[in-house]
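2 protein chains.
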Amino acid sequence: MAVSSHAETKFSALLKEQASYEEAIGLMAWDMRTKAPKKGVDGRSEVLGVLSAKVHEIQTSEEIKTLIDELKGRASSSKMERAVEEAEEAYLRTVKIPAEEYREYVTLQSQAESIWAEAKDNNDFALFQPYLEKLVDYKRRFAEYWGYEDHKYDALLHSYEPGMTVRILDEVFPKVRKALTGLLSDIQASDNKPDPAVLEGHFPKDKQAAFSEEMLRRMGYDFDAGRLDETIHPFAIGLNQNDVRVTTKYDEQDFRTAVFGTIHEGGHALYEQNISKDLAFTPLADGTSMGIHESQSLFWENFIARSESFWKNHYSLFQTYAPDSFKDLPFHDFYKAVNEVKPSFIRIEADELTYCLHIMVRYELEKALIGGEIEVRDLPKLWNEKMEEYLGIIPSSDSEGVLQDIHWSGGDFGYFPSYALGYMYAAQINAAMRKEIDVDACMENGDFEQIRKWLTANIHKYGKLKKPLEIIQDVTGEGLNPDHLITYVTEKYQNIYQLSR
Amino acid sequence: MAVSSHAETKFSALLKEQASYEEAIGLMAWDMRTKAPKKGVDGRSEVLGVLSAKVHEIQTSEEIKTLIDELKGRASSSKMERAVEEAEEAYLRTVKIPAEEYREYVTLQSQAESIWAEAKDNNDFALFQPYLEKLVDYKRRFAEYWGYEDHKYDALLHSYEPGMTVRILDEVFPKVRKALTGLLSDIQASDNKPDPAVLEGHFPKDKQAAFSEEMLRRMGYDFDAGRLDETIHPFAIGLNQNDVRVTTKYDEQDFRTAVFGTIHEGGHALYEQNISKDLAFTPLADGTSMGIHESQSLFWENFIARSESFWKNHYSLFQTYAPDSFKDLPFHDFYKAVNEVKPSFIRIEADELTYCLHIMVRYELEKALIGGEIEVRDLPKLWNEKMEEYLGIIPSSDSEGVLQDIHWSGGDFGYFPSYALGYMYAAQINAAMRKEIDVDACMENGDFEQIRKWLTANIHKYGKLKKPLEIIQDVTGEGLNPDHLITYVTEKYQNIYQLSR
Numbered sequence: 001m002a003v004s005s006h007a008e009t010k011f012s013a014l015l016k017e018q019a020s021y022e023e024a025i026g027l028m029a030w031d032m033r034t035k036a037p038k039k040g041v042d043g044r045s046e047v048l049g050v051l052s053a054k055v056h057e058i059q060t061s062e063e064i065k066t067l068i069d070e071l072k073g074r075a076s077s078s079k080m081e082r083a084v085e086e087a088e089e090a091y092l093r094t095v096k097i098p099a100e101e102y103r104e105y106v107t108l109q110s111q112a113e114s115i116w117a118e119a120k121d122n123n124d125f126a127l128f129q130p131y132l133e134k135l136v137d138y139k140r141r142f143a144e145y146w147g148y149e150d151h152k153y154d155a156l157l158h159s160y161e162p163g164m165t166v167r168i169l170d171e172v173f174p175k176v177r178k179a180l181t182g183l184l185s186d187i188q189a190s191d192n193k194p195d196p197a198v199l200e201g202h203f204p205k206d207k208q209a210a211f212s213e214e215m216l217r218r219m220g221y222d223f224d225a226g227r228l229d230e231t232i233h234p235f236a237i238g239l240n241q242n243d244v245r246v247t248t249k250y251d252e253q254d255f256r257t258a259v260f261g262t263i264h265e266g267g268h269a270l271y272e273q274n275i276s277k278d279l280a281f282t283p284l285a286d287g288t289s290m291g292i293h294e295s296q297s298l299f300w301e302n303f304i305a306r307s308e309s310f311w312k313n314h315y316s317l318f319q320t321y322a323p324d325s326f327k328d329l330p331f332h333d334f335y336k337a338v339n340e341v342k343p344s345f346i347r348i349e350a351d352e353l354t355y356c357l358h359i360m361v362r363y364e365l366e367k368a369l370i371g372g373e374i375e376v377r378d379l380p381k382l383w384n385e386k387m388e389e390y391l392g393i394i395p396s397s398d399s400e401g402v403l404q405d406i407h408w409s410g411g412d413f414g415y416f417p418s419y420a421l422g423y424m425y426a427a428q429i430n431a432a433m434r435k436e437i438d439v440d441a442c443m444e445n446g447d448f449e450q451i452r453k454w455l456t457a458n459i460h461k462y463g464k465l466k467k468p469l470e471i472i473q474d475v476t477g478e479g480l481n482p483d484h485l486i487t488y489v490t491e492k493y494q495n496i497y498q499l500s501r
Numbered sequence: 001m002a003v004s005s006h007a008e009t010k011f012s013a014l015l016k017e018q019a020s021y022e023e024a025i026g027l028m029a030w031d032m033r034t035k036a037p038k039k040g041v042d043g044r045s046e047v048l049g050v051l052s053a054k055v056h057e058i059q060t061s062e063e064i065k066t067l068i069d070e071l072k073g074r075a076s077s078s079k080m081e082r083a084v085e086e087a088e089e090a091y092l093r094t095v096k097i098p099a100e101e102y103r104e105y106v107t108l109q110s111q112a113e114s115i116w117a118e119a120k121d122n123n124d125f126a127l128f129q130p131y132l133e134k135l136v137d138y139k140r141r142f143a144e145y146w147g148y149e150d151h152k153y154d155a156l157l158h159s160y161e162p163g164m165t166v167r168i169l170d171e172v173f174p175k176v177r178k179a180l181t182g183l184l185s186d187i188q189a190s191d192n193k194p195d196p197a198v199l200e201g202h203f204p205k206d207k208q209a210a211f212s213e214e215m216l217r218r219m220g221y222d223f224d225a226g227r228l229d230e231t232i233h234p235f236a237i238g239l240n241q242n243d244v245r246v247t248t249k250y251d252e253q254d255f256r257t258a259v260f261g262t263i264h265e266g267g268h269a270l271y272e273q274n275i276s277k278d279l280a281f282t283p284l285a286d287g288t289s290m291g292i293h294e295s296q297s298l299f300w301e302n303f304i305a306r307s308e309s310f311w312k313n314h315y316s317l318f319q320t321y322a323p324d325s326f327k328d329l330p331f332h333d334f335y336k337a338v339n340e341v342k343p344s345f346i347r348i349e350a351d352e353l354t355y356c357l358h359i360m361v362r363y364e365l366e367k368a369l370i371g372g373e374i375e376v377r378d379l380p381k382l383w384n385e386k387m388e389e390y391l392g393i394i395p396s397s398d399s400e401g402v403l404q405d406i407h408w409s410g411g412d413f414g415y416f417p418s419y420a421l422g423y424m425y426a427a428q429i430n431a432a433m434r435k436e437i438d439v440d441a442c443m444e445n446g447d448f449e450q451i452r453k454w455l456t457a458n459i460h461k462y463g464k465l466k467k468p469l470e471i472i473q474d475v476t477g478e479g480l481n482p483d484h485l486i487t488y489v490t491e492k493y494q495n496i497y498q499l500s501r
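So the sequence lines, in the order shown, correspond to chains A and B. Here the first sequence stands for residues 1 to 501, where the numbers follow the numbering used here. Here the second sequence stands for residues 1 to 501, where the numbers follow the numbering used here.
Isolated chain A (complex conformation) (with noise of 0.2 Å):
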């Protein structure tokens, strides 16, 4: 059945306004986390407040809910068909809210994030406690306004993560909980523990930088299209396809923080540089959901640039630009010393086998809150009682604890599991990838075009077109798998503390 073409260039033209405010915003955001003085952020928030209100005013006008009705099922295209759609579901999700009520979570949001700065800063649940209770409220009563199957949790999640539901993490999750258990046991009784201290050492600033910059010219990341910035919590943002920008920072006794960083933000990037040009100025022009953006960039931090045949290439150059600390170091000591396991507090310090169980034990926690099982009250001691039972240690206190992280602050429940989706995802695109390319042998030759190229052919280009478990499907012919990840880290760790098989 046919539609006037006339709804689709006025379906066209709000969503290219909606896109544009969304582009002004986004160079606002990198802005104030890299250039803005200080002084200006009061104005520029206002700005921000302005325009974002914009876009709220489009995604929920009677003039788009008209128009998505006359599309829906009648798009000339299946792009078209897929933008409706999400116009559609960014609508539902915010008429569904009440106004009165939408406009009180924003506030409180906003208070609850600094009332968590300082609860965190000086280890005081119980300040952040009344604010997290009532953002857990919301939330429980979103998830009821915008409904879901099974979990109330299913709804959050899908904010995230389309598709995903608590039924498919809890068959997955366990999982993966033991196996990675189980090789952390082995591995703390390993005899041939790498030394960490190895990697201590100072490396100038300047030229953590030009290796970085290096590293993302070897990748492919295009700086004819992007920059790379200094910052304190690092990011990459997609102002349009050909503005994707990555930061990082820099710490002189510790390359790892700015040359992981770096190449972690740079899969990320990479992902936007290369979403089909023609779906500018559409929502389709963005990554499909946290969890397949964060595949990209795990595979390349991990996969990628934390193994053997990576450094086999790389060492002697990584060498050149800091001699003074690592000309002496021999390879293996190095490439085992990057790859060091060992449970910590902090998440986002974590390694990469341990970095899932942090995730789980936060999992855990927040699909039991939501679903009304246990209260905000509970949660210092479960999260202790969670990290000993995965991690085997307990913090010593709730800023090493559950005040770590500031999602929650902010009401980001559902928002966790896309990290661990993210690891599962990457090795599965490792593993159909290695069907189809010698990825190692690509490694060593430095030659990352191939790989670039295969990512981009299966997964970026497509933006949103395809949603996540669509995109995991088509590369790798299955749905969510757990067992390429668990299959990844057994053999590659095994091999680094020479496990018995």
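Misleading hints may appear alongside valid ones.
One copy or two, it doesn't matter: identical chains are merged, so the pair holds either way.
Claimed, not checked - For lysine-lysine, the following DSS-like pairs were computed, each having C-alpha atoms within a straight-line distance of at most 25 Å: (1) 249 <-> 35; (2) 35 <-> 207; (3) 249 <-> 342; (4) 72 <-> 38; (5) 453 <-> 39; (6) 205 <-> 35; (7) 54 <-> 10.
Calculated from the structure, these hints are not laboratory results.
Based on the hints, put chain B in the right spot on chain A.
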């Protein structure tokens, strides 16, 4: 007669929305000229188009018209009254031009600018001529739509310098010209010419940047509310009063580009940083005219930074930044060289004495063009004749003659006089300031705080609350008076060139 505060609230919200778009546009403009990767420009231009259209939409909306009618003459404060006046001005300037004609004009502008660049590169006036003819036609018609009392050109002057007229300029400019050309011929006959070659010498870019930053800091530029970056065509831009950015460029063989350029842009930036904070998010939070803005940059660049008193304090500091080139150069040779006067073809490279003559060439031509006394085809010949008459030199090509400036290609007729007005205003301001402050003592002591505060109290803080000639009247007790500029340049250059008095 009191008016509903409801109307003022609605009016303020519209102004804030407009100012928010303008701030976002400003940041995008800064970014495109300093940081943005080159491939991102096309997408960014589309976003700029969308946001500019929103500004236009607000300025010409029925809603704002109704509010203007409701509030005019009945606003609750002088600030609100002026904001209403500015909004009405913007409304009328826009709606008086038929929408279709305006759209055609905007398209023509962007075509003309790239054709102009090509014509300039190839010294091909004939290529540009048809575009310039159309632009002149539009501007003649716009002037009719906008209306004027005496001269059609007044309607264009008004866009840049409200209150300025051909009648005033025709009285003032010949007087200034006579004085300047007389002085110029004395200077050219002098046996005591400075030697500009003494200024040539390597000055490393990072040292120039450090010295430029130090100068900005001493002027009172607040780096917590701004920043200094490198660009191709330097500018200053106020995003909000707490985020006013300066740009400069570096020539390692000629420090003057960066040092005087930075101080010039710093003068603009001090104006914007010190506009009263309670004008934020209104059209009043801006310089009151191009001429007054230019008076601020020129005051700092010339009246301060090219003065003998200034260098008495700063020359030894300057020498420490590039000792290899300047440690043996005597102070007076340096001081005289940075004030060399010499007729040249390119306006933006002109010295402070001949600069105004360049402006008068352009003024006479564009006034006659808009008035219909001459036509575009006559320009190259007339340009060269005027250059010979005023400056005594004839360009060898149109590229270094009539094609040198970008302004006309953007339809900016009426803008050039602002530059000369800026000089005259600066001289008047300088004279007024010296009645209250010992400016030379301040410079010799490196104490610019008094100067900056005086400028803020008398000029900066008002933003657009006062109109340009109102500022000049209030500061100096008189209207536009060229005698101060004449006295200043006469005394200064008699001294430097040791002319008989």
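Query - Within, between, both or neither, where residue 72 and residue 38 count as close if Cα-Cα is 25 Å or less - result: neither (46 Å within a copy, 38 Å between copies)
Query - Copy assignment of residue 205 with residue 35, given that the CA separation must stay at most 25 Å - result: The answer is both: 18 Å in one copy and 21 Å across copies each meet 25 Å.
**Report entry** Intra- versus inter-subunit Cα pairing at 25 Å for residue 35 with residue 207
**Finding:** Both. Shortest intra-copy (21 Å) and inter-copy (21 Å) distances satisfy the 25 Å Cα cut-off.
Requested in this report: Evaluate residue 54 and residue 10 at a C-alpha cut-off of 25 Å and name the case that applies: within, between, both or neither.
Outcome: both (17 Å within a copy, 16 Å between copies)
Query raised in the report: Is it within, between, both or neither when you check residue 249 against residue 342 at 25 Å Cα-Cα?
Result: This pair counts as within: shortest intra-copy Cα distance 23 Å, inter-copy 50 Å.
Query raised in the report: Is it within, between, both, or neither for residue 249 and residue 35, if the alpha carbons may be no more than 25 Å apart?
Result: both (14 Å within a copy, 19 Å between copies)
Query - Copy assignment of residue 453 with residue 39, given that the CA separation must stay at most 25 Å - result: between (43 Å within a copy, 20 Å between copies)
The structure shown violates just one earlier hint, number 4.
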